[in-house]
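Position 72 (the sequence shown) corresponds to 299 in the working numbering; numbering is contiguous.
What the hints contain is simulated information worked out from the structure, not anything from laboratory work.
One or more hints might be untrue.
Distance condition first, Cα-Cα at most 25 Å in a straight line; then the derived BS3-like pairs of lysine-lysine [unchecked claim]: (1) Lys285 <-> Lys234; (2) Lys234 <-> Lys278; (3) Lys234 <-> Lys297; (4) Lys250 <-> Lys301; (5) Lys301 <-> Lys278; (6) Lys301 <-> Lys234; (7) Lys244 <-> Lys278; (8) Lys250 <-> Lys297; (9) Lys234 <-> Lys250; (10) Lys297 <-> Lys278; (11) Lys244 <-> Lys297.
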Amino acid sequence: MKTQMLKGVLIHWNDDKGCGLIKPDASHADMATLHGPASEQDISIHISVLKHMSRRPKVGDTIFFLIETKLDSKLNAIQAHIEGVEANTDDVKENKPYLGNGNSKIPISSSAVIARLLIIAVLLIGGSLIYQMFTDTNTTEDVHRTQ
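All chains should be built: construct the whole structure from the sequences, respecting the hints.
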């Protein structure tokens, strides 16, 4: 069963905070939420669910979205898009692991990960062999001293 996208109008938008409220279309009166029909409630929306759009939302925009109910019973819009606004394909990137301190965004390739794991394995094995040789030498010397 495919989930139906809801339609609503952006009635409030705070561009500084990147959040706003959507008033769902009256046609969604049959969709129930914890607090009654979806059409009677304002739905919160955050800019992060619209980051793929080519422009920021404006009051009066028609928004298509799905509803997510948070633990505190608040309703949030997810998987949203603005009617008539193209998706910005330049900003859509694959989710790859990144190397760095959080400030830089350098993608890590799988071959780089394998190479690093191989280096770590070699260092661990080498360290283990050196430790064994050192402890064997000390044990042999202790045996000779006691005789």
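Quick rundown of the hints versus the structure:
For the suggested pair Lys285 and Lys234, the alpha carbons sit about 15 Å apart, so the restraint of at most 25 Å is met. For the given pair, Lys234 sits about 18 Å from Lys278 by alpha-carbon distance, which is consistent with the 25 Å threshold. Under the criterion of a C-alpha separation no larger than 25 Å, the hint pairing Lys234 with Lys297 is consistent with the structure, at around 20 Å. A threshold of 25 Å between alpha carbons decides the hint, and for Lys250 with Lys301 the separation of about 14 Å falls inside it, so the pair holds.
Taking the CA atoms of Lys301 and Lys278, the gap is near 21 Å; set against the 25 Å cutoff, the hint holds. A distance of roughly 18 Å separates the Cα atoms of Lys301 and Lys234; the hinted pair therefore holds under the 25 Å criterion. Taking the CA atoms of Lys244 and Lys278, the gap is about 14 Å. The hint holds against a cut of 25 Å. For the given pair, Lys250 sits about 18 Å from Lys297 by alpha-carbon distance, which is consistent with the 25 Å threshold.
With a C-alpha separation of about 9 Å, the suggested pairing of Lys234 with Lys250 holds against the 25 Å cut-off. Annotation: proposed proximity of Lys297 to Lys278 holds, straight-line Cα distance about 21 Å (limit 25 Å). As the CA atoms of Lys244 and Lys297 are separated by approximately 19 Å, the hinted pair is consistent with the 25 Å bound.
Hint compliance for this structure: no hint is broken.
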